[in-house]
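Visitor: Listed below are the residues making up each chain.
Number of protein chains: 2
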Amino acid sequence: MPTLKLRSVAIDTYRENVVYLHRGCTLYRSEGFQALNKIEIHKEENGQPVIAVLNIVEDANITAPGELGISEQVFEQLNLPPGTPVTVKHATPPASIEAVHDKINGEALSYEQYFRISQDIVENRYSKIEIAAFLVGCAETGFERDEVLYLTRSMVETGDRLEWGESLVVDKHCIGGIPGNRTTMLIVPIVAAHGMLMPKTSSRAITSPAGTADTMEVLANVDLQPEELRNIVQQQRGCLAWGGNARLAPVDDILISVERPLSMDSPGQMVASILSKKVAAGATRLLIDIPLGPTAKVRTHRDALRLRKLFEYVGDRMQLELEVVITGGSQPIGRGIGPMLETRDVMQVLECRPDAPMDLREKALQLAGRILEFDADVRGGEGYHIARDILDSGRALAKMEAIIEAQGKNTRPLQLGRLHHAITAPRSGKITMIDNLQMASIARLAGAPLDKGAGVDLHKKTGEHVEMGEPLYTIYAAFPANYEFALEAARQDIGYTVKETDSK
Amino acid sequence: MPTLKLRSVAIDTYRENVVYLHRGCTLYRSEGFQALNKIEIHKEENGQPVIAVLNIVEDANITAPGELGISEQVFEQLNLPPGTPVTVKHATPPASIEAVHDKINGEALSYEQYFRISQDIVENRYSKIEIAAFLVGCAETGFERDEVLYLTRSMVETGDRLEWGESLVVDKHCIGGIPGNRTTMLIVPIVAAHGMLMPKTSSRAITSPAGTADTMEVLANVDLQPEELRNIVQQQRGCLAWGGNARLAPVDDILISVERPLSMDSPGQMVASILSKKVAAGATRLLIDIPLGPTAKVRTHRDALRLRKLFEYVGDRMQLELEVVITGGSQPIGRGIGPMLETRDVMQVLECRPDAPMDLREKALQLAGRILEFDADVRGGEGYHIARDILDSGRALAKMEAIIEAQGKNTRPLQLGRLHHAITAPRSGKITMIDNLQMASIARLAGAPLDKGAGVDLHKKTGEHVEMGEPLYTIYAAFPANYEFALEAARQDIGYTVKETDSK
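Protein chains in written order, with this note's numbering: chain A, 1 to 504; chain B, 1 to 504.
Any given hint could be a false lead.
Derived DSSO-like pairs (lysine-lysine); straight-line CA-CA distance at most 27 Å [to be verified]:
# : chain 1 : residue 1 : chain 2 : residue 2
1 : B       : K297      : B       : K309
2 : A       : K430      : A       : K499
3 : B       : K461      : B       : K499
4 : A       : K89       : B       : K297
5 : B       : K89       : A       : K297
6 : A       : K297      : A       : K461
A short list of chain B residues far from chain A (calculated; beta carbon distances all over 12 Å) [what the hints assert, rightly or not]:
#  : residue
7  : D12
8  : E72
9  : G106
10 : T295
11 : D375
12 : L397
13 : K409
14 : A425
15 : S428
16 : H465
17 : N482
18 : I494
19 : K499
Keep in mind the hints are simulated off the structure, nothing from the lab. Keep in mind the model is a prediction, meaning the values are calculated, not measured. No residue lacks a Cβ here, since even glycine has one placed at the ideal position from N, Cα and C.
Please put together the full structure from these sequences, using the hints given.
Guide: In C-alpha cells form, the structure reads like this:
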C-alpha cells in the first residue's frame, strides 16, 4: 500500500476530523476517493486507525501530492510528527450504524447497541452527519426511559471515571439558561467547610457568557490533572476545577457539538448528558437545579416535572441519588454577567458584605442547604441554617481562600473592561421583565468569557422602579469591536421591559 | 460593519460551503465566532447572502487576518473576484428549521412547509447536519404519501424546468444497482426513430462504475446547454445528454449528497428524487424499471410493489403518467461494466451483430416497447414488435449516429485499459450467482468511470458452465495502482459462485 507523508494543516475544523489530499495525488485517483469520503488513517505499526473526512485540495502550498494534510484535531489524535508515513483507505461504515438505522425506523435499542454506538462515536468513526442521524433517531417520539438509561451508561463506560474512595460524594448541576447564576462557587466552599466531599469539575461556557470554570479562573488555576485534583480534594474536601483533563463521558462533548447547531435539546439527551458526566466524575449524590421561566431553558412546570421523573429514573439505576429542585428563572441571578463581574458578586457574598446581591446569597444558601441534607446526620430543613452559619461565620470564605491557594492563586493582573457604557431607562416606571437571553447575548458580544473583564453589570432588577435616564446596566468591554457590537445589540433590544406607572 | 477581503482557498469541500477565518482576526474575536458556526456572507450591494460554515485557520498562508478564505464551492456561488470586500455575520437559523423540528417530533408537514424547507436548502441555508436531521425526520415511519407529493413538488418548484411544447414527452428511469444496464442508450434511438420525443438527460455515476452520461460521452459530447439540447431534440426527436446544465431539482442533488454517506434510501425520498427530476425535465410519460434481486437496490417483490404504488400516487398528481415494470436484477446486464465496455455492448446491439449480448438487446426491446405504447396509436403488446423492427432494420443505429453527430461526435482517441488480467474459475461447475455489488466495486477500483477504458468484461453469465481455469471475466485498468486494487479485490472476493456439478 502506498504511503502518504503527514503534513500539519493549521485549520481548526472543530470536533470534526478533516484531512486534505491533493487532487493530483495518485492515491486520490485510484481509490475513487471523493471529497467528504470518510477515510481511515493507519500508522505504520498496528493500532487504532483515526477516522477523518476527506477534503480535496488543489493548492500544493496547503497539501502537495504524496502528502496527507491533517487538521489540528487529527494532528492531536494521531500524535505523530509531520513527515511520518501513513496509509489511508476507505473507512468502513461503523458497525453500529445499523443500530442507528434501526432506531430511525422506530425500534428500541438494547444496552449493547448503545454501547457500540458510543464506542464508535468516541473513536471518531462517526461523521457529524451520522451523529445527527443518531440524535434525530432518538428524538422524543422514540426514546424510552430504559434507552436513556442505556445511553447514559454507555457514555460513562466509554470514558474514564474518577473515584474518591468515600460513599458520600456530592455534586450539583444547574440546567442553565440563567446568566450570573454562580451559586456553585458559594456552595462548594460552604459544603466543603462542613466536611462534605464536593470535588466539583465544571465546563467552560459553550454558548453562555461565563461557565463556572471561566469564572473560577479569575481567582485560581482551574486546569488541573486528575492527580492534582485528588490531592487538593483530600486536603480541602472540595475544589472548583475544569473538567476537561479527565476524560469524563467524552461522547457527551461530541454529541453536544452536533446538538447545538441543530438546537436540539430533548429531555432524554439532556439527562444522559448531565448524569453521564456526574457519574463519571464519581458523584454519589446530586442536586439538580431546574430554573423555570419564560426565557429559561425549561419553560413550564410540567416540563420540569417530566424532566425530574426522568432524572430520578436513570439516577436511581446508576447508584446516583439525586434531588431535583425547581427554582425561579425569570431574571438573572446576582448583578454581574461575565467572569470578573460574577467573581465580584461571589466574593461579596463570601465576605458577607451588606452590598452583596441578596438573591445570589439566598439561592446559594437554599441549594447548599439541600446538599448538606445529603448528610444522614443533618435533619431535613436544617441544612439552610447550617449553611448560613458557615457563611456568616466566615468559614466559607476561609475555605474558598484555602481552595484558591491549593489550586494555585491567579497572580495575573486582571481588570474590568476599560471601555464601558451605562444603558439607561427609556422611561420612568417599574421593571417588569429582564430578558435572560438578550442579557447573555449582550455580555457575549461584549467579549465574555474570552475577555474576563467583559460583560454586563446589572444595576436594577425586576420589581424595582427607575426614572427615565437612570442606568439600568453597564456594559464592559476590552476591545472596541466588542464594545460596538454590544452597544448596538443593546440599542436594538435593551433587554429590559419598563412599564410606566402612575405613582412610584 | 468591518469588511473582509475575499481570498480563494483551493479546497474542495464537496457540496458544503466552507469559509476560513484567521484566529487572530479581530472579527473572529468580537463576533464570538467559533469553528463550525454558520455565517452569512454579504456582498456590498444588497443581494442574497451566501451561507457557509466557518473553519478557523492559524496559517496566514491559507487565510490571513482581514481576509475571508472561501472554498471552491463558495467561490462559484459568490461569483466575485478575490480581494472584493464583503461583510459577514452570524447566520440566523433558516426559518424553516422549525418545521424540521416539528417533523422530528412526529408531525406531518404541509406543502408550504416543504416548500420553505426546499427553498432554504437550495439557498445553502442548511448545513449538512441540518439536512441529515431533516432526512431522518422524514424517514419511513413518518412520511405520509401526501408529504412525498409535497416534497416532490417543492423540489421541482425550487429549480428550473424544461418545456418541450408537446403533450407526449417520454422518459425512462431505472432504480439501479445493476451494473452494465445501459438500456437507455438503445431505447432512446429506437423511440426517437419512431418519432416519439425522448429528450433524455442523465446523471454521471455517483457510486456506480458508469452512468448513462459517462458511457454516452465515449461516443459524443454530453455537456450541452439547454438551448443546444432544444435544437438537437427538435431535429432528432431525442438526445442523450448530461443533465447538469439545466438546474433541474437542485435540492435533489443536495439531499443525495447527505443521504449517500448515511446509506439512507427510504422509498419516500427515492420517489421524490426521481420524479422531481423527471417532472423538471419536462416529461409527461415515464417508464420506471425496478430490477429485483438479492443484490439489487430493491430486494423483494413486496418492496417493489410498495414503491410502485408510491410512484403511481405521486406521478398521477403531477401530470406525469407512469408505468412501473419489475425486471430481473440477479446479475449484470450485458457483458461490459465501465464506459467503453458498455458502449461496445450498445453498439453491438445497434449493429445487430450476432455476438451482441442478448440479455441487453431483449431488455432494451421490452422497455422500448412499453415506452412506444405511450403512443395512443400503438396497440398494447405491439410495442415490442415495433421496437424490434426499428432495431433490426437499422433505423435505430442510424438515429444513434444522427444524435451523435448532432451532439458532437467524440474525436478524442480512447482505448481500453492497457493493463488487463483475466480472472479464472476456481473450479469446474455451473455459475449459480454473480454478485452485482462486488462486480461494480471491482470495476470502480479498476478506475471506472473516471478512466473510460477501465472496468470489467464478463465472459460468463449465470447458468453457464465453466472449466477450472477458464476465464470468468477480464479486468481492464489504465493505471497500475487501480490495476492492483482491482486485482486484490477480485482475489479477496471473486464475485462469482461456481458450484461443482457431477455432469456438464
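Visitor: Starting from the hint list further up, note which numbers the structure goes against and sort them upward.
Guide: 7, 8, 9, 17
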